[in-house]
Amino acid sequence: MINVKNLTKRYGTSVVVDDFAMEVASGDSVALWGPNGAGKTTVIRCLLGLVSYDGEIAVDGLDARTHGKAVRSLIGYVPQELSFYDDMRVVDLLDYSASLRGIGQKRVDEVAEQLGLDEHQNKLVRELSGGLKQRLGLATALVPDPPVLLLDEPTSNLDATARDAAIRVLEGLRHEGRTLLVTSHHIEEVGMLVDRVIAMEAGKTVTECAPYDLAEELGLRAWLHLITDIGQAEKATLVLTGAGFNARQNSKGVLVEVSAQQKGKAVAVLQGAGIDVEDLEVWR
Amino acid sequence: MTAITGNVVERAEASAIMKIARKELKGTVSSRWFWMWVVAFVGLAAVLVMVALPSSSIDGQAGFGRTAASLVTLVQIIIPLMGLALGAMSIAGQRESGALRFLMSHPVSRTEAFWGIYVGHVAALGIAAGAGFGVAGLVTALRGVSGGAAPFVWIALTSWFLAVAMLGLGMLISTYAAKSASALGIAVFVWLVLVFLGDLGLMGTAAATNMPVSALFVSALLNPVEAFRLTAMTALSGSLDALGPAGIYAADTLGDSLGVALFGVLALWLVVPVVFAWRRFNGKADL
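Top line first, the protein sequences correspond to chains U and G. My numbering numbers the first residue of the first sequence as 6 and each following residue consecutively. My numbering numbers the first residue of the second sequence as 94 and each following residue consecutively.
Treat the hints with care, since some could be wrong.
[Unchecked claim] Each pair of labels, with its calculated beta carbon distance range:
| hint | chain 1 | residue 1 | chain 2 | residue 2 | range |
| --- | --- | --- | --- | --- | --- |
| 1 | U | Gly42 | G | Val368 | 34 to 44 Å |
| 2 | G | Asp379 | U | Glu221 | 33 to 43 Å |
| 3 | U | Gly42 | G | Ala271 | 13 to 23 Å |
| 4 | G | Ala274 | U | Ala273 | 51 to 61 Å |
| 5 | U | Ser19 | G | Lys272 | 11 to 21 Å |
| 6 | G | Tyr269 | U | Lys270 | 52 to 62 Å |
| 7 | G | Ala271 | U | Glu115 | 35 to 45 Å |
| 8 | U | Ser19 | G | Trp126 | 27 to 37 Å |
| 9 | U | Ile232 | G | Asp379 | 46 to 56 Å |
| 10 | U | Asp68 | G | Glu106 | 13 to 23 Å |
| 11 | G | Val368 | U | Asp68 | 24 to 34 Å |
Think of the hints as simulated: they come from the structure by calculation, not from any bench. All C-beta atoms, glycine included, are put in the ideal place defined by N, C-alpha and C.
Hey, can you work out the whole structure from these sequences and the hints?
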């Protein structure tokens, strides 16, 4: 569905996307993951024809450079935020977006109801919470029922509750068989949203893998905070150090560095030494 | 209409332009600053008309013609700033806020987006000019004054044309500026040059260099605000005698076609900047 070859984007002398390639089959859900400045959003902007680029981009066989309108008619785009239409009413924004795609009121009402926006239709965009704004962005993208959805950092401005709600909606979309391309810098959420991750850094692909393998592929490590009886904290630290872990005691238990795929191993070592782990937290 | 985006030609549809224009118009007329402009223009127009009407004559005008004459100076100052500011903020402002990227994520071409924004703002400026001249006309009519309606309507229309010409110039600035604040700053500078420095500078240059009257007249036409003023003077009195030698030269040279020629210059200002702005917007690599 989406084919990108030799994509390079420069701003002046700065190369933001460097010989990037990607293939996304119809129905695939793929994340572009990476830190800020990795080039994820620029790839999305190239797909939409918002910026010039070198290389080739095709969506459903159509060249994005020469068939921009046709390509965009296949794509629903959810921007990071909708703050630029703060003075518009929700219903007016949905109608406007739908009218640009030649879509009628019935479909707008359907999508508004589906995303729980129907009761907020007469509010101004600025009156919506972050979660509702995100849903509004999603609604504008879903109104044309597009085969491809591009979601730029869909949970970046949301609190924990709104993020959970957004992830549930996006999981639903993933199972509808749409082609999803999501940008994110949250490693923990890409596993819930996509089947495949393309990790980017400095405009290049670092690795491409299943979300579960991403942390291992990138050699990412986490800190586990293991809460133990305070009287056993010193012993726990010694046991873990003895087992080869980088561990240190703190006021509630032990902090131990683990590989992202082997968090349970440290817990098992302590249990083997007869030390109860009352609770644990993951610190990245 | 077809548009060239880089090396790409995409067909533009009038219906898409009108949809964008409607949204732009609605957005502009619901903004606070737009109504501040309108209230300032309407208020000053009403005051000027009330002051002007009891006097015996303005340039020999009577009735609505006198009302129109009293508004020409106000139009020369306020309308260009309104058009330039609106145009300057249009593209740069939307690019900065992300609204332009959101619009262009829909199946619309750059040509449709550009002309949609332009048409929406043209309509908004029509409302502003219409409100100012409408209130002035109403005040005039309520005072029982009649006659001279044709030049009044003509000057109202040319005021709108001046606003639209300035809008095109503002949009041209907007397509080059990286930030809306820079665009607005350049627009205010251009306004100062056109409204104040242009007039005074031309007079000063003419006096200092003994500029020939033909060159003085042509130089005046290079300024759209002057082109409007000359068009208005011709509509009101049928001649440019008040301009002195340059006016007499213009009348002698152009004869009966003076009015048409002046309007032609204003029309060029209406078309040229906005076409350049459109070409620039279409050719721009990144939004």
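Task: Numbers of the earlier hints that this structure fails to satisfy, in rising order - done: Failing hints: none at all.
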